[in-house]
Amino acid sequence: MNYRVFFIILVVLFCMGCSKTTVVLLDSEKSQNSVLVSTKKGNSKLDSVGKFVDLKDKEKAPSRVKRMSQEKIKSRFAKALAASPEAPLKYILYFQPNSTALTEASEKSLLDAIASIAERSPCMVDIIGHTDTVGSSELNIKVSLKRANHIKSVLEGKGVEVVSLTAKGYGEEDLQVKTADNVDEAKNRNVEIFIK
Amino acid sequence: MRKIVTLILTMSTFVLGDVAIVKKVTGEVEVKRDQEIIEIQVGSSLKDGDIIMSKSHSSVGIIFDDGSRLSLGEKAIFVIKNFKVNPSKKEYDIDLNLKKGKAVFSSGKVGKLAPESVKFRIPEGIIGIRGTKFAVEVR
Numbered sequence: 002m003n004y005r006v007f008f009i010i011l012v013v014l015f016c017m018g019c020s021k022t023t024v025v026l027l028d029s030e031k032s033q034n035s036v037l038v039s040t041k042k043g044n045s046k047l048d049s050v051g052k053f054v055d056l057k058d059k060e061k062a063p064s065r066v067k068r069m070s071q072e073k074i075k076s077r078f079a080k081a082l083a084a085s086p087e088a089p090l091k092y093i094l095y096f097q098p099n100s101t102a103l104t105e106a107s108e109k110s111l112l113d114a115i116a117s118i119a120e121r122s123p124c125m126v127d128i129i130g131h132t133d134t135v136g137s138s139e140l141n142i143k144v145s146l147k148r149a150n151h152i153k154s155v156l157e158g159k160g161v162e163v164v165s166l167t168a169k170g171y172g173e174e175d176l177q178v179k180t181a182d183n184v185d186e187a188k189n190r191n192v193e194i195f196i197k
Numbered sequence: 616m617r618k619i620v621t622l623i624l625t626m627s628t629f630v631l632g633d634v635a636i637v638k639k640v641t642g643e644v645e646v647k648r649d650q651e652i653i654e655i656q657v658g659s660s661l662k663d664g665d666i667i668m669s670k671s672h673s674s675v676g677i678i679f680d681d682g683s684r685l686s687l688g689e690k691a692i693f694v695i696k697n698f699k700v701n702p703s704k705k706e707y708d709i710d711l712n713l714k715k716g717k718a719v720f721s722s723g724k725v726g727k728l729a730p731e732s733v734k735f736r737i738p739e740g741i742i743g744i745r746g747t748k749f750a751v752e753v754r
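Protein sequences appear in the order of chains R and A. Last residue of the first sequence: 197 in our numbering, with the numbers rising by one and none dropped. Last residue of the second sequence: 754 in our numbering, with the numbers rising by one and none dropped.
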């Protein structure tokens with residue numbers, strides 16, 4: 002069975018023998034999804050799933066944009082698709098006002114995160130602190146790192162097994178709720194547990 | 616038919632300069648680091664400058680520090696030229712290069728925060744990223 006599929010692909014490659022590289026857009030399950038494929042002589046935008054271009058040479062523009070069926074993508078990239086790791090998991094923890102104590106819902110999320118870490122092993126875990134936009138960005142990096150380190154020590158206390166466990170403070174750089182500067186927004190004061 | 620090698624999980628410690636870990640391996644996959652060839656396993660750490668090479672009937676899936684995911688089919692050659700991510704200083708520079716074979720790439724945090732600093736190179740040019748998952752084959 003495998004051999005037959007392989008044989009068909011070989012024939013297809015032979016027929017298209019003149020092109021060397023193929024780039025096809027897959028479903029990223031994100032709203033924003035496109036790539037710009039460029040050579041020295043031009044570029045092509047792939048902006049919907051299944052669109053693809055062939056490239057022959059860096060001195061030639063990409064081919065016109067064509068569409069590849071899902072069946073074709075699945076057979077042609079079967080091995081690489083099967084080896085694709087699962088998407089990282091993200092848990093967001095919120096704090097009680099003016100406290101390092103988590104809200105009740107976030108206490109539960111923390112337990113879920115610990116269970117996921119065990120399931121995903123071996124994995125890397127980032128604990129990323131975030132702040133709202135009140136105060137200077139330098140101060141907010143410090144505050145966010147403090148929050149992250151607090152959760153890190155909680156996880157260490159639970160004895161999780163990971164390849165790496167890092168605490169980072171992003172300050173106001175990657176806001177959950179986009180706001181202007183100096184806006185008090187409770188949702189932006191959080192710690193994210195990112196499991197890879 | 617496909618040989619799936621059972622691997623012992625190595626819980627190697629992630630150190631400074633590590634940029635990704637290996638999540639899936641089938642068959643035999645090697646990394647060329649400096650002048651050494653190292654066989655990689657699930658849990659192995661990868662560094663800037665590593666060249667990943669999958670043998671026939673082999674594949675590998677890795678996850679980068681920013682959550683980007685890459686998988687390679689058989690007989691692929693892939694170079695992690697540079698992978699620098701430092702959001703608190705807004706420093707991002709990702710430079711990857713598929714020399715040969717089939718790859719599936721799904722961009723992570725940097726693809727969202729600073730897509731212009733992600734370069735995925737192919738022999739004929741470059742793939743620019745806008746929050747993306749794509750497949751590429753270099754023959």
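Everything labelled a hint here was simulated from the structure, so no lab data went into it. Ideal placement from N, C-alpha and C gives every residue a C-beta, glycine not left out. Some hints here could point you the wrong way.
[Stated by the list, open to error] Every beta carbon over 10 Å from chain R, so not counted as near; a handful from chain A, in silico:
hint : residue
1    : D680
2    : E689
3    : D708
4    : L728
5    : I737
6    : E739
[To be verified] Part of the chain A face toward chain R, derived, beta carbon under 8 Å:
hint : residue
7    : V657
8    : G688
9    : N712
Taking the hints in turn, this is what the structure says about them:
no., hint, verdict
1, D680, "7 Å, violated"
2, E689, "6 Å, violated"
3, D708, "16 Å, holds"
4, L728, "6 Å, violated"
5, I737, "5 Å, violated"
6, E739, "4 Å, violated"
7, V657, "7 Å, holds"
8, G688, "4 Å, holds"
9, N712, "12 Å, violated"
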